[in-house]
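Visitor: As a plain string of letters, each chain reads:
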Amino acid sequence: MSSTTLAKGITSGLRAAMEKDARVVLLGEDIGKLGGVFRVTEGLQKDFGEDRVIDTPLAEAGIVGTAIGMALRGYRPVVEIQFDGFVYPAFDHIVSQVAKLHSRSLGTVRMPMVIRIPFGGGIGAVEHHSESNETYFAHTAGLRVVACSNPHDAHWMIRQAVESDDPVIFYEPKRRYWDKGEVGEAPDGDLGSARVVREGDDVTLLAYGPMVKTCLQAATAAEEDGRSLEVVDLRSLSPLDTGAVLASARKTGRVVVVHEASTFLGIGAELSAMLTEEAFYELEAPVLRVGGYNVPYPPSRLEEEFLPDLDRVLDAVDRSLAY
Amino acid sequence: MSDNEVAPLETAYGVDHHVTRADAPDRPAQEGGPDMVQLLSPEGERVPHPELDGIVDALSDEALRGLYRDLALVRRFDAEATALQRQGELGLWASLLGQEAAQVGSGRALRRQDYAFPTYREHGVAWCRGVDPVNLLGMFRGVNHGGWDPNEKNFHLYTIIIGAQTLHATGYAMGVQRDGDVGTGDEGRDTAVIAYFGDGATSQGDVSEALVFAGVNNSPVVFFCQNNQWAISEPNEKQTRAPLWHRARGFGFPGIRVDGNDVLAVYAVTKQALDAARTGQGPTFVEAFTYRMGAHTTSDDPTKYRVSAEVEVWKHRDPIERYKRWLTTTGKADADFFDAVDAEADELGGSVRERCLAMPDPEGPEMFRHVYAEEHPVTAREREWFEGYHASFEEEVAR
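Each protein sequence line maps, in turn, to chains C and R. 323 is the number that our numbering gives the last residue of the first sequence; the numbers go up by one with no jumps. 1399 is the number that our numbering gives the last residue of the second sequence; the numbers go up by one with no jumps.
Everything labelled a hint here was simulated from the structure, so no lab data went into it. Hints may be right or wrong, so weigh each one.
Straight line, CA to CA, 25 Å or less: simulated DMTMM-like cross-link-like pairs of lysine to aspartate or glutamate [unchecked claim]:
| id | chain 1 | residue 1 | chain 2 | residue 2 |
| --- | --- | --- | --- | --- |
| 1 | R | K1238 | C | D92 |
| 2 | C | K100 | R | E1387 |
| 3 | C | K20 | R | D1181 |
| 4 | C | K100 | R | D1149 |
| 5 | R | K1153 | C | E50 |
| 6 | C | K100 | R | E1363 |
| 7 | C | K46 | R | D1149 |
| 8 | C | K33 | R | D1179 |
| 9 | C | K100 | R | E1384 |
| 10 | C | K100 | R | E1152 |
| 11 | C | K100 | R | D1361 |
Restraint ranges, calculated between C-beta atoms of paired labels, are given here [what the hints assert, rightly or not]:
| id | chain 1 | residue 1 | chain 2 | residue 2 | range |
| --- | --- | --- | --- | --- | --- |
| 12 | C | P57 | R | A1335 | 20 to 26 Å |
| 13 | R | E1237 | C | H139 | 23 to 29 Å |
| 14 | R | G1350 | C | Y136 | 46 to 52 Å |
| 15 | R | S1351 | C | Y136 | 29 to 35 Å |
| 16 | R | S1299 | C | P286 | 27 to 33 Å |
| 17 | C | H139 | R | S1299 | 48 to 54 Å |
| 18 | C | P296 | R | S1299 | 37 to 43 Å |
| 19 | C | E277 | R | L1092 | 55 to 61 Å |
Just so you know, even glycine gets a beta-carbon here, dropped at the ideal spot from N, CA and C.
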């Protein structure tokens, strides 16, 4: 056990993956000497060389497009997209190529690629640096989409993502990069599994990435009011661990989904529909959603108004319990 | 017949959709210009070229006849596919008519270990790589989206998104570099990659990005642009102000224009470029100057946008006729040979037709297969539901 930041948990995970398999290569902008703008790849080029930690030209379609070619040659590329809002030039390659090549080749080609995306707001950044675009990718068959929330998962989930024979979109909660925690000796379940991070009886909070911490804080605050909240870290958005979600929902009968992305057609919409279909008679209240509004991510002076916070989560808990 | 009417072409190209409206705008004649490499004139005369003659001279008569056979069989296959589409057996077909030399010349310059990344029109390259032509029909018949193992013949799946494959080729070439399979001097090991694309694709950002990545990495990739003058209805001048082969210079590597209807020139130029790539000299941009004699696809109607006079000009530059003339006048092939190829072509057409019609429709549950390499619960659940749903009808019928 060692205490480290979430960012360094990913660094050590990548390092372990690269030591284990010489076919793992990293591609991205400024990931070499600089170590990436968030320093997640710091030191890796020095240790593994410029052929395995590749400072690419500044072109996202080019990065993902060439990573596809490297995967076809037998490599396992890990791509860094510098910021969430920069992934769109690569959207075509991710959705039309990466996601479909296994299927188009009738299973003869694999795309063991990881696309790392620092996501979400809360750091006072300029436009295009604070987005949560996970729904686009979770909506695309052929991709797996995960989001880590703490150093332990950051370390182990990136290793699992690299080892997956399917393409994985790996979301990193950028405002939690500097949060510290222990990295344990083994992963908590497989890459597609959710995890109950706090047990409770009254209301279930479903969250992932940066909102897990917010929900844990909300649960602590609610405890003072005598309310017992269960917090489930979804970890995987595609597939969703419906078994874990349903188990918690059946236990509490009340569910609030929390994410930074707009609620309209967000992951919460899918969870709400799924819970209604699968657990209609066991719910005491409609599934409520707390998330971003259906507006472009606002200027940073307004982001506190946009992002779900402890109060908005507790407000939803109150509304759920009022049914 | 009035001046505004044009007689249907009798035509080696089979179909009459080159007949075009008389009010289509005039275009400048498409001339390759003095920089275009040509080893065989449209009349079938050998044009000397001190730098490249050696490459062609090294080909045996048998190999030279083999190129003719490729050209003829590929055209016959393509005609059969067009006919199959017309008869409703294919949903769509993208004909290569007129581009046979560009594809066969470049395809035959590849070595076994090389890797080709096609668009959706590279039937001639597929043929040279040894891909069973019936496999090419699957996606056009709607039974799959590709369906061959790209690694079996080092021929990637057809790519419909224009230009995307140029990046895949470049990335593959970056992998080749990391494997150390460049510049070893071992002919069975040194590997080049070839990316096929068209004149329309050169407007895509992906192609420019591929040229950037290949340039800065000095990757062993040949960018083979078949400039067939038309991107569906848009002529070349809507895509570019400068000749396409000039573009390479700005990316820091050589560009060359070759007569795409001259199989010998295409072979020689491509071989030279592939050899440069294999020996570590980096990428080359080859512009094969050719012409799309047919429609963009069977869904297109070129009479709406191009004039027949233009097609007539290119008809006289036909890649197969000129090569046949040269083989004949030089005594490298005789009538018996051509007859035998014709017979083989008809046989190929017949077998392709037969095997196309025999291609089974996929079963419903097939769509759930291979979405993921490792099981994905959502897809697995939906497949289970789908099978149960359909089974419920069978049970009802049984009752």
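Visitor: Determine for every hint whether it applies to the structure shown.
Guide: Status of each hint after checking the structure:
no.: 1; hint: R:K1238 / C:D92; result: holds (24 Å)
no.: 2; hint: C:K100 / R:E1387; result: holds (23 Å)
no.: 3; hint: C:K20 / R:D1181; result: holds (23 Å)
no.: 4; hint: C:K100 / R:D1149; result: holds (14 Å)
no.: 5; hint: R:K1153 / C:E50; result: violated (31 Å)
no.: 6; hint: C:K100 / R:E1363; result: holds (19 Å)
no.: 7; hint: C:K46 / R:D1149; result: violated (37 Å)
no.: 8; hint: C:K33 / R:D1179; result: holds (23 Å)
no.: 9; hint: C:K100 / R:E1384; result: holds (21 Å)
no.: 10; hint: C:K100 / R:E1152; result: holds (19 Å)
no.: 11; hint: C:K100 / R:D1361; result: holds (20 Å)
no.: 12; hint: C:P57 / R:A1335: 20 to 26 Å; result: violated (56 Å)
no.: 13; hint: R:E1237 / C:H139: 23 to 29 Å; result: violated (40 Å)
no.: 14; hint: R:G1350 / C:Y136: 46 to 52 Å; result: holds (48 Å)
no.: 15; hint: R:S1351 / C:Y136: 29 to 35 Å; result: violated (45 Å)
no.: 16; hint: R:S1299 / C:P286: 27 to 33 Å; result: violated (48 Å)
no.: 17; hint: C:H139 / R:S1299: 48 to 54 Å; result: violated (29 Å)
no.: 18; hint: C:P296 / R:S1299: 37 to 43 Å; result: holds (38 Å)
no.: 19; hint: C:E277 / R:L1092: 55 to 61 Å; result: violated (38 Å)
Checked against the numbered hints listed earlier, the structure breaks hints 5, 7, 12, 13, 15, 16, 17, 19; every other hint is satisfied.
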